[in-house]
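These protein sequence lines are chains L and Y, in that order.
Take 261 as the starting number for the first sequence in my numbering and just add one per residue.
Take -11 as the starting number for the second sequence in my numbering and just add one per residue.
It should be emphasised that the hints constitute simulated quantities derived from the structure, not laboratory data.
Bear in mind the structure is a predicted one, so any value in this text is a computation, not a measurement.
Heads up, a few of these hints could be off.
[What the hints assert, rightly or not] Per the computed footprint, the stretches of chain L lying under chain Y, defined by three or more beta-carbons under 8 Å from a beta-carbon of chain Y, are:
1) 351 to 363
2) 669 to 675
[Unchecked claim] From chain Y, some residues computed to sit far from chain L (all C-beta separations above 12 Å):
3) I81
4) Q90
5) V104
6) R115
7) V132
8) I198
9) L213
10) A225
11) M272
Glycine is no exception: its CB is placed at the ideal position from the N, C-alpha and C atoms.
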Amino acid sequence: MTGHLCLNGLTVAPRTGGAAIVRDVSFSCAAGDAVALVGASGSGKSTIALAVGGLLDGSLEVLSGSAELTCADGKTVDLLALSPKARRQLAGREVGLVFQDPLAALNPIQTIGRQIAEAIAVHERLGHRTMAARIKDALTDVRLDNPERVARSLPGELSGGMRQRALLALALAARPRLLIADEPTTALDVTLQADIIALLRDLGRARGLTILIITHDMGVVSELADRVVVLDRGAVVENGPVNRVFDAPTSAAARMLLAAAPRMPGARSIAEDRPAGAPVMDAEDVSVIYRSGRLGRRQTTVALTKVSFRVHAGEIVGLVGASGSGKTTLGRAILSLAPLAAGHIGFFGTKGQDGLPPAQAVFQDPATSLNPRRRVHTLIAEPLLLHARQPRRAIHDAVKGLMARVDLAEEFASVFPHALSGGQQQRVAIARALALSPRLIVADEALSALDMTVQARILSLFRDIALRDGVAIVLISHDLAVVGEACRRVAVMDKGRIVEFGAPADVFARPKADATKRLLAAIPASHPRHRHGWGTAA
Amino acid sequence: MREVAALAGLLRAAGLVVGITLLIFLFVRVVPGDVVDLVGIEGGLTDAMKEEMRQELGLNQSLGQQFVLWVGQLAQGDFGLSIRYHRPVADLIARALPTTLQLAALSFTIGLVLGVGAAVAAVTWPRSVWPSVVQALNVWSIAVPTFCAGLLLIFVFVLWLGWMPLLGNLWLASIILGVDVAGQLTKPLHEDLKETLNATFVKTARAKGIRPILVIWRHVLPNSLSVLLSLSGLVLAGLVGGTITMELLFGLPGLGKLALDSVLGRDYPAIQAVAVILAVSVVMVNALVDLLARLIDPRLS
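Please put together the full structure from these sequences, using the hints given.
Structure, rendered in structure tokens:
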């Protein structure tokens, strides 16, 4: 095989023995191509990136295979056969690596500039001035405004999108010709993802970069890749040009990934024509302001500005918007978890019954929102123990009822959360939220951590709870398709305000606000033939 | 907010010192028998002579009066007169303090170099002997009290091999305390370093092609320094007690020795002065640790 990077029979296994994590993987990346390595979580795709980068941790080892890289000087070397020293000379200069979560991937206590300088200084001895200029160039190349300020900033002082750009600048600082990017957009919201995809595309074109992108998101693949390599349980099951894989996937793994790809919201919501119930919650001119910084130089962040909206019994209201638009803050305000600077949030018809909270929450990641040291029964019973003074027997029966309500088999009552699947964990979280018979549930990205089929089932559970129990649900989501399908109304948020509010079919089919248009435009194409023109202007 | 927090911290520290002085004052007087009783037994004083002596020393006043008098003097930097030695307590302390400071500084430095060195070496070369060294140091410091280690080393180096003198042996004392300090620092630091080593930003650093030792030095260790700092605060506070044992064992004329002699002799002004100095130094160490933490981690400031 020829190409910029050729993998041949790569096999990686735990050092202690046991099943191989990567099995006999061979594929090649032609120079200047963008190759997507796709697979479900646990398919071994990140391990391949680490093996090629020489970054496997001590518990894994390469059993066999080669990774042949054609260097800038035309020589071909096997990355896996090099001595650590020889390999370090190629690291950064020939191969740049970008990891998933940019906040974790940057040293939190060093400035961006210092971290970039280090990447350059490994390979080139530069004077202070030249170095500063190189850092500025590196940051300008990834289209960061005000590169001097970014260079002086700590990672924690930048926004998510800026951090991802800074990480990209770091990986490209020593001017490698091969970029390996492990889930570079997964931690970002759709609009930022579109920006980064556009940036990668342009960098690829302008510098002739070969890009190996590792992802589970076929939307990213359709926008970016020339070729697709599909992994399933550590082995390559499909390898072909992106159009062919999208047109006629031959492997089950590819078909599954394609089914889970982000979609445009459908034309019609199934919930729209249902009549509104009685009003449940009323938010009036709600403002939330966060303060930070020292006396003198106090900074205030306006998270919500005069937001007003009303939610009715039995309806699901979607809350969408770019990250930082205030949708999570609004959710927290409804739950009385954020201090209101102004305005009022009221619940109708609460009889002041024992001071029970009228709103409950279901969060994104059930693995972290459930105490891992508590059994399912205790987790669901906890709100009852806190608020309702009831005999043991009654609480036991109530938990049983709640578990039945969320379709969770009774035998799970005595297990710990880790023994449950993601979908089952989320059902526990929903049962806990229902325990005090709330009038409203805030579901903050409650479906995002789940895979497609589970997502559909949890969504239908939400629908059922809204319909049968008359509970109002505020569904915060980045997935416009889910919102379009499930919600009676949708609120689009931008910079702390609701900029558009209405039936999903109207809002998504005839968007009026710029924020809505941007959100819709950022959804990756469902097929590489309909690729967006993001970034080509630059 | 920061200024308010700093002021609150300062007030807390001041309150702590005042509280400690009061406690010390009371504890010292709870012990039955005062200096006059002791002298009386030694010198066969009559009750009338004892009474006269108490009058002279101000010991017949109420506890409250004594405390106010003492704190008043303290506020003017006057530690009072030693009952035993009939000399200003400040003089006694000025003579004892350098020895103790030397001992503490030397042992802490030895402990820091040894402990940090072992932990860093253990994460740099995980398959070498270093992780076992970390483990051994830790077990040693937990299982072997310093006086035991001291007796052992005295037996080997002084009595058996005859390489060095016993009395005034600052180095041997410092090494014993230093190993103890190293054992307390190295294990938690090693654990934290191992955790930091798994962080993604360490992968980023390695992907740049810098040498493994630099990855640890520039990226891993700085991110674990906060652990080392807070541990150091505890260890330094612990050294206050640790030096006393060593001073007695090796006959070093330090604060610990002074404190013990004063307690045995019911020399109230001296006991109180030593205790106040130790309390203030512990509080100061903690304040210093907080300050350093802010310097190391820019996110805190």
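task = Any hints from earlier that this structure breaks? Give me their numbers in increasing order, please.
result = Hint check: 2, 6, 8, 9 fail, others pass.
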